[in-house]
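A.B. asks: Full structure from sequences and hints, please.
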Amino acid sequence: GVFTHLEMLEVQAHEAALKQEEMEEQEEKLARLKARVQQLRLQRDELRAKVDLQQKGQLGKEGAVSDPAQPSARAVLEWKIRSVKAMLQIFCLTGISGKLTKRGVCFCISTAYEGTYLDSYYLDLLTKPEVKMHSNCIAKKYLQTDIRRFLSVLSDHLNAYVGRRYQADQLQEHFSDQIEGTLQRNSLHNLLVFNYKVSSENQTFPFNVRLLYGDLCCSLPTEVTISCT
Amino acid sequence: MDNSICQAYEDEIQSLEEEVKLLTEMYEDCQQESTFFSDKEVLMSIKSFQREFQGEPKGHEFPSDLKAELESLETDLSFLMKFTGIQFTSHSKKTVEKTRNRTVQKHRLSGNCHSFSFQLEFQLLEMKNKEIVSVATTNLSIIMAFGEDSDVSKFVSSTEEQGSLLTFFRSLSSYTEWYEHRRCTFLHFK
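As they're listed, the protein sequences go chains A and B. So for the first sequence, my numbering puts the first residue at 1; every next one is plus one. So for the second sequence, my numbering puts the first residue at 1001; every next one is plus one.
What the hints contain is simulated information worked out from the structure, not anything from laboratory work. Hints should not be assumed to be uniformly reliable.
As the list claims (entries may be wrong) - Ranges of calculated distance between the beta carbons of each label pair, as one might list FRET restraints: (1) B/1015 x A/176: 54 to 60 angstroms; (2) A/41 x B/1171: 51 to 57 angstroms; (3) A/119 x B/1052: 33 to 39 angstroms; (4) B/1013 x A/10: 37 to 43 angstroms; (5) A/177 x B/1067: 40 to 46 angstroms; (6) A/229 x B/1096: 48 to 54 angstroms.
Glycine is no exception: its CB is placed at the ideal position from the N, C-alpha and C atoms.
C.D. replies: Encoded structure:
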């Protein structure tokens, strides 16, 4: 009787306390989130105003808009660091760039097809005591005598390979409705075989194409065979 | 009901944080692109920066760290210029468009490769698709001083048409190297 009743009251009180706690937590969380939103909105609006001023300042040929005073030494240094980094990035766009390491140089060969940049290849060279490479590669004969020539030959091969592969990918992607199945290609991407169909009036004509790229430094085929199957 | 309000706040917070990050980058880019300090000014700053922190290093970056970083970057740059033969004499860029997934910059670059000087303008497009960043150059415009040489001008116009900055530099580099070899050989015979 009384005891069970007391127990029930205890349980009810406990549950009510838990609910109260939960509600308070929810309210706190909502309040925190709301405050954060307002803080961010303020920050965003301030930044927008700063950027707008900057854009207007551009027309007046003024430099730093919010710091009319002399820029700090640290700011000048940081500007210079960013500026040199930007120039190093331009070197990446030229195809051969790199950075000096403790034991030699790490070259980066970038590849591109027309204006689109594709894979980058890294080559770690140890120059002390003599020039060595971490792995096997083509054009190794130039490595000891003429690193520049070596990199140039390597760059030609890589760019051509990547160019052939990119063209094959683009062909597969943009003409998938005309090509039957998938393009067959070898690992060097210098042999491409595929079937495609041409529709005219109510007939479709199946064709088989074989592209052979005889020159590994070239991304255009040297031999084309088309047959009607 | 509370949960959906929470979610709405959280979504807004995420989008505001992205916006703040983007605006900060735009502001910093614009600051960077519209200022210029000469080498002399940079040297003076290095000296005064070191003097300022003679006693205690403030913040997380010691002046020697920044100086070391600059020296290492400049060493890499001068190595590359010497190794490839491509010397850049000036470079300026302007960020024309910047959104979460796309950045477009206009670049102006001048320099020389052995005795051949060039002036380039191009647009650099960077697109971000999840984790993958793709880079492309467009609107390539090349000016080279060797107008009389029809081979060079044919090469320049075909490279401009294709829009391949990389081909331009690779070919320029080989052409000028062989040009130098020929020049030295002819001098030898004089």
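A.B. asks: Of the numbered hints stated earlier in the document, which are not met by this structure?
C.D. replies: 1, 3 and 5
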